[in-house]
Amino acid sequence: MIKIRLVCLLLLSGMLLGSASLASAQEMKKGDKAWTELEATLRDANQKWLCQGKYYQPKRIDCVHQRAAYWDDQFFEMNPGASGTQTKAQMVEGQTAGAKTYADVAPGEGPNPTEFTLMAVYNHGTFAMAVDHTLFKIRVNAQGKPDFEHVTAYVPTDKWYLDDSGKLAVVREVTYARVFVKKNGEWRPAVGASSPRALSK
Amino acid sequence: MKYIWALLFVMLFSSAAPTFAQEGMKPGDKNWVALEKQLDDVNNQWLCAGKYYKPKMQDCVNFRASYWSDQFFEVGRTGMTQTKEQMVASQTAAATKNPNVVRGTGPNPQDFKLMSVYGDIALATDLTIFKTADANGQVSESGRANVLRMFVKENGKWRPAGAVLIPVEK
Numbered sequence: 101m102i103k104i105r106l107v108c109l110l111l112l113s114g115m116l117l118g119s120a121s122l123a124s125a126q127e128m129k130k131g132d133k134a135w136t137e138l139e140a141t142l143r144d145a146n147q148k149w150l151c152q153g154k155y156y157q158p159k160r161i162d163c164v165h166q167r168a169a170y171w172d173d174q175f176f177e178m179n180p181g182a183s184g185t186q187t188k189a190q191m192v193e194g195q196t197a198g199a200k201t202y203a204d205v206a207p208g209e210g211p212n213p214t215e216f217t218l219m220a221v222y223n224h225g226t227f228a229m230a231v232d233h234t235l236f237k238i239r240v241n242a243q244g245k246p247d248f249e250h251v252t253a254y255v256p257t258d259k260w261y262l263d264d265s266g267k268l269a270v271v272r273e274v275t276y277a278r279v280f281v282k283k284n285g286e287w288r289p290a291v292g293a294s295s296p297r298a299l300s301k
Numbered sequence: 006m007k008y009i010w011a012l013l014f015v016m017l018f019s020s021a022a023p024t025f026a027q028e029g030m031k032p033g034d035k036n037w038v039a040l041e042k043q044l045d046d047v048n049n050q051w052l053c054a055g056k057y058y059k060p061k062m063q064d065c066v067n068f069r070a071s072y073w074s075d076q077f078f079e080v081g082r083t084g085m086t087q088t089k090e091q092m093v094a095s096q097t098a099a100a101t102k103n104p105n106v107v108r109g110t111g112p113n114p115q116d117f118k119l120m121s122v123y124g125d126i127a128l129a130t131d132l133t134i135f136k137t138a139d140a141n142g143q144v145s146e147s148g149r150a151n152v153l154r155m156f157v158k159e160n161g162k163w164r165p166a167g168a169v170l171i172p173v174e175k
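If you read the protein sequences in the order shown, they are chains A and B. In terms of the numbering used here, the first sequence opens at residue 101 and continues consecutively. In terms of the numbering used here, the second sequence opens at residue 6 and continues consecutively.
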């Protein structure tokens, strides 16, 4: 009888603890402290994903290696144009090939995320969906125009403008959905999907 | 002492079980194929497409308002992000202006593909063909987009959680 009571007690404890842990993670609401803190954490994870700011890597291949280790195994990305939908393996392969052709990256060159906004949190606080406004920048040549000859993945365009530094040209802008999963205590990129938007200037 | 260990085990199991309930599913296995089929159907419901066609646009908007997760959002083909509330408001305005739906018009999803599963979250892609009808009711394509479709399982039911539309040039 004592054993039956004990088993019941254990099951009840488990149920209560399980539901309590779920409830605590799902109590997060847009704008509250936990939400704001998670948004800041993921903004930093986004910078790491894109090798921007303090995560800048002068050698393109170093960024590719970091991404290969950082992206979740199920990671995939969707972009406009010929690249379409690519798995993690396809992304790493394409970016590795690009890094062999154009090895160096100027500070600030590449995708620059702004206006990072956390949109939704699911799966008991282990899955997050966000959006940002990403500006794609490339260095300018001696003529003061975008140097399309020394970068990959950019279709040459005559629509561009200089950024505030005057050293980089903004050649493309998109709204980027950035989706993250928390595994072993670390937030990692799970999906990226971008939709083009008109240039700001 | 052994009861303390048992209690600790139950505590650990209880907190981990919901998170990993659907982990372990692999692309191509039976569970994956079954979930892909189920979500393909959810996708058609979401878009009031195929057998879920609704002749009145407002009926589709009302259905979506109850079907979408509360945190639902969408990035449209022009890069504009809208919350569920904004989507319902803009679609209600459109339904007031054009209340009737010609069968086959609107978003028509095809090539639905489940890409990843994380517990109660599933991420998929499709190619959505947008169609409109002219004054004679003739239906033709007006555009297409590769779409990221995000789903969440809430209270045992899969629901749309978000979408990102990436326009495809003709």
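Treat the hints as calculated values from the structure; they're not laboratory data. Be aware that a few hints might be false.
[Claimed, not checked] With a Cα cut of at most 30 angstroms, we get these calculated DSS-like pairs of lysine-lysine:
| no. | chain 1 | residue 1 | chain 2 | residue 2 |
| --- | --- | --- | --- | --- |
| 1 | A | K283 | B | K35 |
| 2 | B | K162 | B | K56 |
| 3 | A | K188 | B | K158 |
| 4 | A | K283 | B | K136 |
| 5 | A | K129 | B | K89 |
| 6 | B | K136 | B | K89 |
| 7 | A | K129 | B | K56 |
| 8 | B | K89 | A | K130 |
| 9 | B | K162 | A | K130 |
| 10 | A | K188 | A | K301 |
| 11 | A | K245 | A | K259 |
| 12 | B | K31 | A | K188 |
| 13 | B | K56 | A | K283 |
A:K129 paired with B:K56 [C-alpha distance capped at 30 angstroms]: Status violated; Cα separation ~36 angstroms.
Restraint status (C-alpha distance of A:K283 to B:K136 at most 30 angstroms): At roughly 41 angstroms apart (the allowed maximum being 30 angstroms), B:K136 and A:K283 break the hint.
Satisfaction of hint between A:K259 and A:K245, Cα-Cα up to 30 angstroms: 11 angstroms, holds
Hint consistency between A:K283 and B:K35 [alpha-carbon to alpha-carbon, up to 30 angstroms]: 25 angstroms, holds
Pairwise hint evaluation, A:K301 against A:K188, where the allowed Cα distance is 30 angstroms at most: Between A:K188 and A:K301 the Cα gap is close to 33 angstroms, so the pair fails against 30 angstroms, i.e. violated.
Straight-line alpha-carbon gap B:K162 to B:K56, limit 30 angstroms: 19 angstroms, holds
Pair hint outcome, B:K162 versus A:K130 [Cα-Cα no greater than 30 angstroms]: Given that 30 angstroms is the threshold and the Cα spacing comes to 23 angstroms, the pair holds.
Restraint status (C-alpha distance of A:K129 to B:K89 at most 30 angstroms): 15 angstroms, holds
Pair hint B:K89 and A:K130, alpha-carbon separation not exceeding 30 angstroms: 14 angstroms, holds
Given pair status - B:K158, A:K188, alpha carbons within 30 angstroms: 25 angstroms, holds
Hinted pair B:K136 and B:K89, Cα distance within 30 angstroms: Holds, at roughly 23 angstroms.
Satisfaction of hint between A:K188 and B:K31, Cα-Cα up to 30 angstroms: 16 angstroms, holds
In summary, the numbered hints that this structure violates are 4, 7, 10 and 13.
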